[in-house]
Amino acid sequence: MEPTESETHHIIPYRTLLIVLSVLITLTLISVLVTQISLGTLTVTIALLIAAVKSSFVLRIFMHLKFESRFLASMVVAVILIISAVIFITLLDYLYR
Amino acid sequence: MNKPADIHRDDEASKTGMWLFLFTEMLLFGGLFVVYSVYRYINPTAFHLAAHELSVFIGTLNTILLLISSATIAMSITAIQKKNKKLALLFLCITLLLGLVFLINKYFEWGDHIKEHIYPGSAILALRGQGDVLFYGLYFFMTGLHALHIIIGMIFIGVVSVLIYKDKINSGNFQLHENSGLYWHLVDLIWIFLFPLFYLIT
Chain E
1 MEPTESETHH IIPYRTLLIV LSVLITLTLI SVLVTQISLG TLTVTIALLI AAVKSSFVLR
61 IFMHLKFESR FLASMVVAVI LIISAVIFIT LLDYLYR
Chain D
98 MNKPADIHRD DEASKTGMWL FLFTEMLLFG GLFVVYSVYR YINPTAFHLA AHELSVFIGT
158 LNTILLLISS ATIAMSITAI QKKNKKLALL FLCITLLLGL VFLINKYFEW GDHIKEHIYP
218 GSAILALRGQ GDVLFYGLYF FMTGLHALHI IIGMIFIGVV SVLIYKDKIN SGNFQLHENS
278 GLYWHLVDLI WIFLFPLFYL IT
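As they're listed, the protein sequences go chains E and D.
With my numbering as the guide, the letters of the first sequence map in order to residues 1 to 97.
With my numbering as the guide, the letters of the second sequence map in order to residues 98 to 299.
Looking at chain D on its own, in the form it has when it is part of the complex (with noise of 0.2 angstroms):
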């Protein structure tokens, strides 16, 4: 690690400092987490028979996808720190094409739910009873806040990969990108959670 001295760096604070914003993430699904778990108590048939609409295959296509996307992000990591350029750059744009395809099947899933006038708001959706309001309101909702965090994952990746073909992030100094891949793990985390409770769990 050669850093000119004129310029403070400090990795610990950083990666602190990312750590901290995650618990804000995690603590805002969370409250989401509470929210789901008391309306399917309170409508347990409700949504049991919402989430029977639900394609279980894209919906594992979709987790598989993204655990893919995750290790291939731990990867890049690994290959900075070995200081192979273009294999960490490889497998950024891996990670990229993958949170890509990601919501590409998030577009045809939601198109096919739109086309049958499920979504929030929706005066055919409400004659089918509150529960499924709740259940496809909640869907909707958790979802796209995933989906909306895809995509800022996404751009932060963008960044990291310009950074590393400048030689800006290289194998002294490469904080930057662990936090972009904490970021992208983190996406991860919460479709681990979203995919059984939604999709799985009939």
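If we strip away everything but chain E, and leave its shape as in the complex, we get (with noise of 0.2 angstroms):
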């Protein structure tokens, strides 16, 4: 929503990138802790959401793709959205077989 951003360069402040790097290593430590608890099949979706969420952040803020272009952006979640696609498409052969 800030389309002026992209002309002058946009600095990101320390402040900023502490806040971000306490946050993903918060979230790995939860991450470790919650697959030490056997919950069966949810600690694999547990460890992939964070994941996803802990690469959200290193896209947007490190990456500073939030303060990128819509095209670049919308780039990016396309590859993702390809690499899923093909890990989905290839399980439900593997299942249906």
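It is possible that some hints are incorrect.
[As the list claims (entries may be wrong)] Cross-link-like lysine-lysine pairs, in silico, PhoX-like; alpha carbons within 25 angstroms at most:
1) D:Lys-182 to D:Lys-263
2) D:Lys-183 to D:Lys-265
3) E:Lys-66 to D:Lys-263
4) D:Lys-183 to D:Lys-263
5) D:Lys-112 to E:Lys-66
6) E:Lys-66 to D:Lys-180
7) D:Lys-180 to D:Lys-265
8) D:Lys-112 to D:Lys-265
9) D:Lys-179 to D:Lys-112
Don't read these hints as lab results, they were simulated from the structure.
Two chains, two frames, some hints: make the complex.
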């Protein structure tokens, strides 16, 4: 929603980076703790969900996609969708063979 | 931004080019994740048991090291934009150091496995069955390919550090610096998925 942001180069404050870093480390520790408790198939889902949240922080803040053009951000989303689609379709094939 | 009129520079194109390259990297590792999902689906128990043998402690430590290094390289870009050359170099050195510690941990981790005759092509590993062979084959290949990316990233960051030292990269011209950051973050991004898939999901 910031249209002019890409014109002048956006400088990310140190504080923001430190906050994101602490969130990422906390999420890592949570995912380690959660997976130590046996929750069956739910463990996989939780671990991958946390990984997805972590990667969105890395992509949006560290790789500053949040401040880039829509075009670039949508290309990244497209690549992620392609990979997910391939994994999904391949697993469908194995599940219902 | 004072750039001489005779030198053509297009930061936007440089950045887009870097991202296009990163897309191919994402698809490369994406393909490996497809292989991982299928083999895991076929050999659930073997993958479950084999994953127990990896050290969660070293895995977590390495994850945190990489996350910190990602933050420090992002901070070095902030520093160069604020015209603080010394701080930018310091942050890059910390990033390089963290990358090195990551590789040293990986060396000891792999060393322990190899001592126990767990490596691709090992006859003792083959006796443990197809599932273990596939798990460790993927483990060594994917973490190895990732470690190779760490090494390439460190070389890239090293080159950028020299250019900053020589004032070739400065507050008005830092796209290469940013591209090295993007590469390093991608390496971190891949590890964010490798870590739970190999160390945590047991």
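Verification of the hints:
A threshold of 25 angstroms between alpha carbons decides the hint, and for D:Lys-182 with D:Lys-263 the separation of about 10 angstroms falls inside it, so the pair holds. Note on D:Lys-183 and D:Lys-265: the hinted pairing holds, with a Cα-Cα distance of about 14 angstroms set against a maximum of 25 angstroms. The hinted pair formed by E:Lys-66 and D:Lys-263 fails the criterion: a straight-line CA distance of about 31 angstroms is larger than 25 angstroms. The suggested pairing of D:Lys-183 with D:Lys-263 holds, with an alpha-carbon distance near 12 angstroms, which does not exceed 25 angstroms.
Straight-line distance between C-alpha atoms of D:Lys-112 and E:Lys-66 comes to about 15 angstroms, which keeps the hinted pair within the 25 angstroms bound. For the suggested pair E:Lys-66 and D:Lys-180, the alpha carbons sit about 23 angstroms apart, so the restraint of at most 25 angstroms is met. Taking the CA atoms of D:Lys-180 and D:Lys-265, the gap is near 13 angstroms; set against the 25 angstroms cutoff, the hint holds. For the proposed pair D:Lys-112 and D:Lys-265, the alpha carbon gap of about 18 angstroms is at most 25 angstroms, so the pair holds.
Taken as a hint, the D:Lys-179 and D:Lys-112 pair is honoured in the structure, with Cα atoms around 20 angstroms apart against an allowance of 25 angstroms.
Comparing the model with each earlier hint shows a violation of hint 3 alone; every other hint is respected.
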